[in-house]
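Produce the complete structure using the sequences and hints provided.
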Amino acid sequence: MDTALPCLVTRFETDDVDDLARGLTLFEQRFDQLSAGRFHGKFVEVSLGDVQVYCEHTNQSIHEAGRIRADACGFAIAAEVSGRAVFCGSPLAGGELMRLSEGDELDFRTARVMRTVGFVLPVARLAELGLDAPAAAAARTSVPGSRVVCADRAATVGLRLLIERMLETFAAYPADDAPGAQTLQAPQAALAVAALDELQSALVALSRRGRDSAAAARPVWIARRRVVDRAMAFIHAHAADPITIGALCKEISVSRRTLQYCFEDVLGVAPLAYLKAVRLNGARRALKSRQAPSLGVGDIAAQWGFWHPSHFREDYRRMFGELPSVTLRRHANNRVTRPPSSDAPS
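If you count by this note's numbering, then the sequence shown holds residues 1 to 346, one letter each, in order.
Please keep in mind that the hints were generated in silico from the structure rather than gathered at the bench. Just so you know, not all the hints are guaranteed correct.
Below, simulated BS3-like cross-link-like pairs (lysine-lysine); rule was C-alpha separation at most 27 Å, straight line [to be verified]:
#1 K276 to K250
#2 K276 to K288
#3 K288 to K42
#4 K250 to K42
For each label pair, taking beta carbons as the anchor points, the in silico distance ranges come out as [claimed, not checked]:
#5 L161 to G130: 48 to 54 Å
#6 L129 to D241: 27 to 33 Å
#7 R22 to D229: 20 to 26 Å
#8 R256 to R329: 39 to 45 Å
#9 Y261 to R329: 38 to 44 Å
Glycine is no exception: its CB is placed at the ideal position from the N, C-alpha and C atoms.
Encoded structure:
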């Protein structure tokens, strides 16, 4: 048995939703803030060999879109849910075990306050566990395409507590002065290997127990998701244009009522509110860019479809908790983004 194990601890806090998205290297994703208020997010990750365990905590509702990294499969538990949350069509009440396989599209509308704990395994490890084929996993459920492995809070609490204990134990090791991953030696390495084995055993048990938990991914939701996907693609491609809801409905050939139902079911927001959120997030990213000082707040607002300066300032302040001029000044003074800190155990 190996007596050493590479270990890397990453932790950071941020008031910028884009920084949080960039810091989560396990995924390729884009975050858009949906609820109004100053954002704050926290993240901690422990890499033990080729497995990562993590915890993410946010205080605003955000829409997370993207994919997991290649050759990996991610699992997460909704540890704390305060408000409406929807993961790939399944509403979350708390305690659900979710899965995102290689090639799956991430579509996560988080709650106003949300804490998730999870882990990422290489596809090769899933093969060893007999959980390697997403198609086989889908075949075990009554509805194809489900991303909820188990919705029974009582069944998943043991796995959640195990992940939290692993984070508490291995993220608490003192940092070494040398950057990068360090090596756990016995007996810490043996403890880590035992914890990883327990993690995988719990996953196998829950995968078998939760095979009927996919009812939330009902066919009607799949149809509504397709409508929302078409609408979102058009919105993101024309975010700076003066899009009306009527024009959007005509473009994707649905009625206003259908569009409203689809957005509320899939994302939990009205289509007009989503359109405004996309534009505000886009304007915020532009204000933080290197080109922003040469353009100014008014020019950037106009580029993103906001034609009334005072309305833009108020909408921006309500969404992000600060005026756009404050965002512009702060990032003009600090154009170098600091990377997340990495601590390694000695």
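Evaluation of the provided hints:
no.	hint	verdict
1	K276 to K250	19 Å, holds
2	K276 to K288	19 Å, holds
3	K288 to K42	21 Å, holds
4	K250 to K42	41 Å, violated
5	L161 to G130: 48 to 54 Å	24 Å, violated
6	L129 to D241: 27 to 33 Å	48 Å, violated
7	R22 to D229: 20 to 26 Å	24 Å, holds
8	R256 to R329: 39 to 45 Å	40 Å, holds
9	Y261 to R329: 38 to 44 Å	42 Å, holds
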